[in-house]
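Fit chain B to the given chain A structure using the hints.
Number of protein chains: 2
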Amino acid sequence: MSHKLYVVGLGPGAPQYLTAQARLALEEAQILCGYTVYVALVSGLFPEKECYTTPMGQELDRCRWALERAAGGKTVALVCSGDAGVYGMAGPVLQLAPEWPQVEVAVVPGVTAALSGGALLGAPIGHDFCVISLSDLLTPWEVIEKRLRCGAEGDFPLCLYNPASHNRRDVLRRACDILLAAGADPQTLCGYVRNIGRPGEETALLSLAQLREAELDMVTTVFIGCSTTLAAGGRMITPRGYERKGL
Amino acid sequence: MSHKLYVVGLGPGAPQYLTAQARLALEEAQILCGYTVYVALVSGLFPEKECYTTPMGQELDRCRWALERAAGGKTVALVCSGDAGVYGMAGPVLQLAPEWPQVEVAVVPGVTAALSGGALLGAPIGHDFCVISLSDLLTPWEVIEKRLRCGAEGDFPLCLYNPASHNRRDVLRRACDILLAAGADPQTLCGYVRNIGRPGEETALLSLAQLREAELDMVTTVFIGCSTTLAAGGRMITPRGYERKGL
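Residue numbers (this note's numbering), protein chains in the order written: chain A, 306 to 552; chain B, 306 to 552.
Any given hint could be a false lead.
[As the list claims (entries may be wrong)] FRET-style restraints, in silico, Cβ to Cβ:
hint, chain 1, residue 1, chain 2, residue 2, range
1, B, 332, A, 360, 36 to 44 Å
2, A, 485, B, 451, 33 to 41 Å
3, A, 478, B, 366, 42 to 50 Å
4, A, 523, B, 321, 29 to 37 Å
5, B, 377, A, 403, 53 to 61 Å
6, A, 442, B, 411, 29 to 37 Å
[To be verified] Straight-line Cα separation of at most 20 Å, SDA-like style, residue types lysine to any residue; simulated pairs:
hint, chain 1, residue 1, chain 2, residue 2
7, B, 550, A, 451
8, B, 354, B, 335
9, A, 309, B, 473
10, B, 451, B, 411
11, A, 550, B, 367
12, A, 354, A, 306
13, A, 451, B, 363
14, B, 309, B, 351
15, A, 550, B, 354
16, A, 309, A, 403
17, A, 309, A, 360
18, A, 309, A, 333
19, B, 309, B, 373
20, A, 550, B, 401
21, A, 309, B, 539
22, B, 309, B, 369
23, A, 550, B, 321
24, B, 451, A, 485
25, A, 550, B, 363
26, A, 451, B, 325
27, A, 354, A, 336
[Said to hold, decoys possible] Here are some chain B residues the structure puts well away from chain A; computed CB gaps all over 10 Å:
hint, residue
28, 309
29, 336
30, 341
31, 353
32, 359
33, 433
34, 472
35, 473
36, 488
37, 490
38, 507
39, 513
40, 521
If you are wondering where the hints come from, they were derived from the structure by calculation, not from laboratory data. Ideal placement from N, C-alpha and C gives every residue a C-beta, glycine not left out.
Here chain A stands alone, though its shape is the one from the complex:
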């Protein structure tokens, strides 16, 4: 019996973003489980496999279920969109795993939205960067606010996840106001990507002042440039510093 639990990052959705390692883990698994929407992204590739899906908000139940089935001798793949670690299920699974000591957990990384969205915009995080989620479901807003402020003070390009939800329509505006109050230029180049790797994919470049007025939804990833970020040929680029070498 295998007792193996893979926590698999799928990338943003389309099978083209799967790594070879992720594909192998899904092939090897006897059971696929995860949030309904994410399992649907890959279950079509493996129509014969047992699937177990739970809705948003039942993450811990899902992790326990996966550990339980792996402890029972099945090879299980718990799927996450993007990377398995970044806001993914690797953390809670590994926190719970010591209760099932016979289960071997393997984390399979994937292309998180900072990378897949960044590639569609150009190279917005081509130098040091921060990733911050604007969701306050699990994080006190004061922590989010402090991190936004420190990100702006450090002149990092920022990648923002979860810029909106049904209950928090003004969260992106509040985030922009924090950055502006911390000294960010209203003309700072920003960009966003909707539906990365899925039908309806779209990108846009705009200023921080314009971003403050934008009405974005929860399937959008936002990029806020730093003082050196520029546009060239319609792409958003944060240079690494090759100007020093004559660029």
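For chain B alone, kept in the frame of chain A given last:
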């Protein structure tokens, strides 16, 4: 004629980390080019293809060469380790590309070391995080210092790239001292991964005080936890906050 230039993130090395999209781009390309070490990672998969390699430090020549060949009608893949955007060649290529308007540049993302190394340690960047390179070849040290300080003040987990080089043996120690001076606890959980996805792969968990004394090399990626980072079952985890839901 195609005039297509793919800037391709290979992931950390082994073919298992290639995405399907990256593999397709490499297959479609007539010419593979890049830093000698990175081309060697994939040229074995495509022994019949023309390869053009340049040593470290000649990044801009490489980008111009790739654009020139694509302008001449070839399909070219410029390969990068990790992601194509994060400290990769997507930035300089896109900055130069307007000089060759007939060339269509496509950025193909890959699994950067923050993700692949993180997966091997557990989930060290399971919440908001910063990525910072300690290389001062292209970045003034004062900028690196400011970002380390702001990262610590924001209580972000940090992923540090390039923690050493032949000429900068003490850079990791200096970085640790900045974090400690900014208030980081010497007992903060840290980890590192050497040779991700390559022969000689190794991981370690240690405290920030111990990390300060460690002698690491340039093929190592370092993770520095934040105030909530913990160890469970030998893994390094930064919780997202499911404690609020009963974890």
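For each hint, the structure was consulted:
1. 332/B <-> 360/A: 36 to 44 Å: holds, 39 Å
2. 485/A <-> 451/B: 33 to 41 Å: violated, 20 Å
3. 478/A <-> 366/B: 42 to 50 Å: For residue 478/A and residue 366/B the Cβ distance comes to about 45 Å; the hint holds.
4. 523/A <-> 321/B: 29 to 37 Å: holds, 32 Å
5. 377/B <-> 403/A: 53 to 61 Å: holds, 58 Å
6. 442/A <-> 411/B: 29 to 37 Å: Given about 35 Å between the Cβ atoms, the range holds.
7. 550/B <-> 451/A: violated, 23 Å
8. 354/B <-> 335/B: holds, 6 Å
9. 309/A <-> 473/B: violated, 42 Å
10. 451/B <-> 411/B: Violated, because 33 Å separates the two Cα atoms, which is more than 20 Å.
11. 550/A <-> 367/B: Holds - the C-alpha atoms of residue 367/B and residue 550/A are around 13 Å apart, at most 20 Å.
12. 354/A <-> 306/A: Holds, at roughly 18 Å.
13. 451/A <-> 363/B: violated, 39 Å
14. 309/B <-> 351/B: With Cα atoms ~19 Å apart, residue 309/B and residue 351/B stay inside 20 Å; holds.
15. 550/A <-> 354/B: Violated, at about 30 Å.
16. 309/A <-> 403/A: At roughly 14 Å apart (the allowed maximum being 20 Å), residue 403/A and residue 309/A satisfy the hint.
17. 309/A <-> 360/A: violated, 23 Å
18. 309/A <-> 333/A: Holds - the C-alpha atoms of residue 333/A and residue 309/A are around 10 Å apart, at most 20 Å.
19. 309/B <-> 373/B: Roughly 11 Å between the alpha carbons, so the hint for residue 309/B and residue 373/B holds.
20. 550/A <-> 401/B: holds, 13 Å
21. 309/A <-> 539/B: holds, 17 Å
22. 309/B <-> 369/B: Distance of about 14 Å is within 20 Å: holds.
23. 550/A <-> 321/B: This hinted pair is violated, its Cα atoms lying about 34 Å apart.
24. 451/B <-> 485/A: holds, 19 Å
25. 550/A <-> 363/B: Satisfied, since the Cα-Cα distance of roughly 9 Å is no more than 20 Å.
26. 451/A <-> 325/B: Measuring from Cα to Cα gives roughly 38 Å; hence the hint is violated.
27. 354/A <-> 336/A: holds, 6 Å
28. 309: holds, 15 Å
29. 336: About 21 Å separates residue 336/B from the closest Cβ of chain A, which puts it past 10 Å; holds.
30. 341: holds, 18 Å
31. 353: The claim holds: residue 353/B sits with its nearest Cβ about 21 Å from chain A, beyond 10 Å.
32. 359: holds, 13 Å
33. 433: violated, 5 Å
34. 472: holds, 16 Å
35. 473: holds, 16 Å
36. 488: holds, 12 Å
37. 490: Answer for residue 490/B: holds, closest chain A Cβ roughly 17 Å.
38. 507: With a cut-off of 10 Å, residue 507/B remains clear of chain A, as the shortest Cβ separation is near 17 Å.
39. 513: Label holds. Min Cβ-Cβ 18 Å, cutoff 10 Å.
40. 521: At roughly 19 Å from the nearest Cβ of chain A, residue 521/B sits farther out than 10 Å, so the non-interface label holds.
Against the hints set out earlier in the document, violations occur for numbers 2, 7, 9, 10, 13, 15, 17, 23, 26, 33.
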